[in-house]
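Protein chains in written order, with this note's numbering: chain G, 1 to 373; chain L, 1 to 420.
Don't read these hints as lab results, they were simulated from the structure. Every value quoted in this text rests on a predicted model; they were computed, and no experiment measured them. Think of the CB as a built atom: it goes at the ideal place given N, C-alpha and C, for glycine as much as any other residue. Among the hints, a few may not be true.
[To be verified] Only part of the chain L face toward chain G is listed, based on derived beta-carbon distances under 10 Å:
no. : residue
1   : Asp18
2   : Arg19
3   : Asp39
4   : Asn364
5   : Gln419
6   : Pro420
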Amino acid sequence: MSGSTVIRVAIMAAVIPALTGGAMPLAAQDSQFGIRGLGTPGRFETVRVRSSGGAFGPFDALSPLTEASLGDLQGLAATAMGGTSYRDVDAAAGATTSLRATRFPVMVLAGPVFGRLVLSGGFTTYLDRTWDVTLRDSLLVRGTMLPYVDELSSDGGVTDLRFAAAWRVSRRLALGAAVHVLSGSTREAAARTFDDTTYHALKQSDETRYDGLGVSGSLLIDPLPELRLSLFARSDNRLRARLGDVVTAQTDLPNTFGGGLRWAPSPSVRLAGTVTRRTWADAGPGAFNTVNWSAGLEVGAGFSPLRVGVRGGQLPFGPGATAATEVGFAAGTGRAFARGRAIVDGSLEHLRRTGAGLSERVWSFLLGFTVRP
Amino acid sequence: MRAQRVAWLAAVLAGCVDRATAPGVCPTFCPSGRIDVVDTVLAASIGRDSTFRGYVLPFQAVAMTASDVPGAVDSRVVFVTQALPASVALNTADTTTSPLVGSDSAKITLTVTRRDTSAHDQTLRLYGLPVTIDSNTTFADVQGAFAGAPLRTVNLDSLLAKPNGVDVTTGDSAGIDTTSKQLKVTIKLDSLQAPYVVGDTGKLGIGVRVGGAGPTSIAFCSRENACGATVAWYIKVDSIKGTDTTLIHKPFPRGSIFDTFLFDPPPAPPDSTLAVGGAPSARSIMRITLPRAIRDSSQIVRATLLLVPAVPARGAPVDSFVVEAHTVAADFGAKSPLVLDATRTDTTTIHVGATDTLRVEVTNLVQFWAADSTRPEVLMLRSQVEAAQPTEIRFYPSAATLFRPALRITYARRFPFGQP
Numbered sequence: 001m002s003g004s005t006v007i008r009v010a011i012m013a014a015v016i017p018a019l020t021g022g023a024m025p026l027a028a029q030d031s032q033f034g035i036r037g038l039g040t041p042g043r044f045e046t047v048r049v050r051s052s053g054g055a056f057g058p059f060d061a062l063s064p065l066t067e068a069s070l071g072d073l074q075g076l077a078a079t080a081m082g083g084t085s086y087r088d089v090d091a092a093a094g095a096t097t098s099l100r101a102t103r104f105p106v107m108v109l110a111g112p113v114f115g116r117l118v119l120s121g122g123f124t125t126y127l128d129r130t131w132d133v134t135l136r137d138s139l140l141v142r143g144t145m146l147p148y149v150d151e152l153s154s155d156g157g158v159t160d161l162r163f164a165a166a167w168r169v170s171r172r173l174a175l176g177a178a179v180h181v182l183s184g185s186t187r188e189a190a191a192r193t194f195d196d197t198t199y200h201a202l203k204q205s206d207e208t209r210y211d212g213l214g215v216s217g218s219l220l221i222d223p224l225p226e227l228r229l230s231l232f233a234r235s236d237n238r239l240r241a242r243l244g245d246v247v248t249a250q251t252d253l254p255n256t257f258g259g260g261l262r263w264a265p266s267p268s269v270r271l272a273g274t275v276t277r278r279t280w281a282d283a284g285p286g287a288f289n290t291v292n293w294s295a296g297l298e299v300g301a302g303f304s305p306l307r308v309g310v311r312g313g314q315l316p317f318g319p320g321a322t323a324a325t326e327v328g329f330a331a332g333t334g335r336a337f338a339r340g341r342a343i344v345d346g347s348l349e350h351l352r353r354t355g356a357g358l359s360e361r362v363w364s365f366l367l368g369f370t371v372r373p
Numbered sequence: 001m002r003a004q005r006v007a008w009l010a011a012v013l014a015g016c017v018d019r020a021t022a023p024g025v026c027p028t029f030c031p032s033g034r035i036d037v038v039d040t041v042l043a044a045s046i047g048r049d050s051t052f053r054g055y056v057l058p059f060q061a062v063a064m065t066a067s068d069v070p071g072a073v074d075s076r077v078v079f080v081t082q083a084l085p086a087s088v089a090l091n092t093a094d095t096t097t098s099p100l101v102g103s104d105s106a107k108i109t110l111t112v113t114r115r116d117t118s119a120h121d122q123t124l125r126l127y128g129l130p131v132t133i134d135s136n137t138t139f140a141d142v143q144g145a146f147a148g149a150p151l152r153t154v155n156l157d158s159l160l161a162k163p164n165g166v167d168v169t170t171g172d173s174a175g176i177d178t179t180s181k182q183l184k185v186t187i188k189l190d191s192l193q194a195p196y197v198v199g200d201t202g203k204l205g206i207g208v209r210v211g212g213a214g215p216t217s218i219a220f221c222s223r224e225n226a227c228g229a230t231v232a233w234y235i236k237v238d239s240i241k242g243t244d245t246t247l248i249h250k251p252f253p254r255g256s257i258f259d260t261f262l263f264d265p266p267p268a269p270p271d272s273t274l275a276v277g278g279a280p281s282a283r284s285i286m287r288i289t290l291p292r293a294i295r296d297s298s299q300i301v302r303a304t305l306l307l308v309p310a311v312p313a314r315g316a317p318v319d320s321f322v323v324e325a326h327t328v329a330a331d332f333g334a335k336s337p338l339v340l341d342a343t344r345t346d347t348t349t350i351h352v353g354a355t356d357t358l359r360v361e362v363t364n365l366v367q368f369w370a371a372d373s374t375r376p377e378v379l380m381l382r383s384q385v386e387a388a389q390p391t392e393i394r395f396y397p398s399a400a401t402l403f404r405p406a407l408r409i410t411y412a413r414r415f416p417f418g419q420p
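Here chain G stands alone, though its shape is the one from the complex (with noise of 0.2 Å):
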């Protein structure tokens, strides 16, 4: 295959799941922790950060995490991801549950404009609210127990929808700053059928619309040669639901804090680590504030390298007196075409989930498309 064609079918994959992105699912990763909650929240990471457990998080210039890292960028760039999660739910009762689901959670433009002033726009998940739930259960209607089997079912998710810019300071500092608009919609289904077919199956449904606001800004600092440190915060408002022009809901969105440090101790191998901080308890009952942490390694500094990562952390939604955890461990790598205008990156990710009452296993096959024409 000519370089040429790699990169017009790169093209094509980073750029048609943009165009199609009101009608595919923008979710990263669904979780029944979020049901009850506002929902399952995104990373804000491309294949590459994914594939070392999101510790690189805060130093890759096309992950929406941070806008700092943009300075990097000596030239337009374009990435759009791919990915299947499989996940098993084991509930408390000991049912095991298989579910599947394919997602496009991110897609991002950027490249320099004046100088060294570089911009960037994209949109990925901010949160997940896809879900399908079956109800086996009875009432008393006219002096007879009547089983049912309800199914209520949420499709769809809130969108961050980012325009950054960045501006590399000097060799050893660069800035960065974005807007996000919080813009999404979900399909919600509520269906109850009766075992006695004189009770007629009724379905509900509707379409709520989600709007919110954000700010964030970064910085990173290169005290060293070997070593860049990255502090990155970010302020989001309020997230509005709406039925038609009727607002039924308005959620408080968190604060969020972090920061991350690089060691590159030679050209070709690069540590990292990552500490995430949200105020999701802002959000209500039933909502915790978070930490999350990542470190990753990655090896070989030609169109081939190796990356592997482990993260850990809380989830923001679950029953009980405390947050449900998360743990994983992901591993990597990528191929450079056409003198490296075009990298095709893949990435295996496993992460188990742990909260009162029911656990969740996931395996995710993830695939990015990164073009610099």
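On the provided structure of chain G, position chain L as indicated by the hints.
Quick look at chain L alone, frame taken from chain G:
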């Protein structure tokens, strides 16, 4: 190589299909909203109800009922057959015709649409009637004709028990028609029982009574349903060869030109109750006022119309009939045009003698009203086979406070979408 590509593509596409349905672990891992189902009786939502009679007359019905229920109803079927021509051609090539001079025999065939299979010794008795009977003829008018000896008496049970349902002695037969799947009974009459009367132009007036070991009833198909009584004549013609007459060995089939059934006692005059059924047929109309909260913001799961019989339906047990509940396209009172749509019609069976509260499932109709607020919330009750039998049911109207019609509705409130 091609197979590998197809397999790879199939695997990729299969992976793209979401599987998101999981058993809910509630309430901790279920959405906060629940489907709220409410059951309520709307006692005062039915009003402005009344009854109208005369939509279908007995001679316009698709069936005719003969019944013998002492103390309740005595119903008899009457019909007149078509005239015969004055002369016929003996051969198809003949240019001249031979005048009819008499009959040899005739076979009358009746199609049974409903039979009391629980009755023993069910018999049909045929009587000769004047050919002048019409829609103005009353039960009393033909009382004298039925008082005499019957032309023929046929025991249906005995006839059906014979090989192939054929009585070789009398020439009668009974069997299931392979096309219509209905029971057809053929009764043979000789020339004395079915004489060719020139003055009547060969028309026959026949009356049918039913009898049995106990109260019984039977229904025959009518000419309005294209399966009325028929007669097959075997006739004699003048051969025009001296004084001889010739028996034509092929039957001359004739249908009926009029058929109906007459019964005693006649239908009770209208009163304050709501009547449905009977002959001429009666319909009851009711106006329903659904609360706006139910009509506009909920989903109907089940709706049941509750009616308390003022008097039990009278007749043979087999005379149970089906009542249909329709809505109307526009409310013009008695002349309201019905919405004849099977998906928007609800039915129930009226059992003779029962006095229990009648429950008509009207879920389809109430859902129809809820779906289109421009539709009049009007309910019309009628018999499924109007005027085909004398049996009718009468209910208490809305004016009877204690026993008024009511609507029991089970509905689901609007689900609280948009809540985290």
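Item checked: Numbers of the earlier hints that this structure fails to satisfy, in rising order -> none
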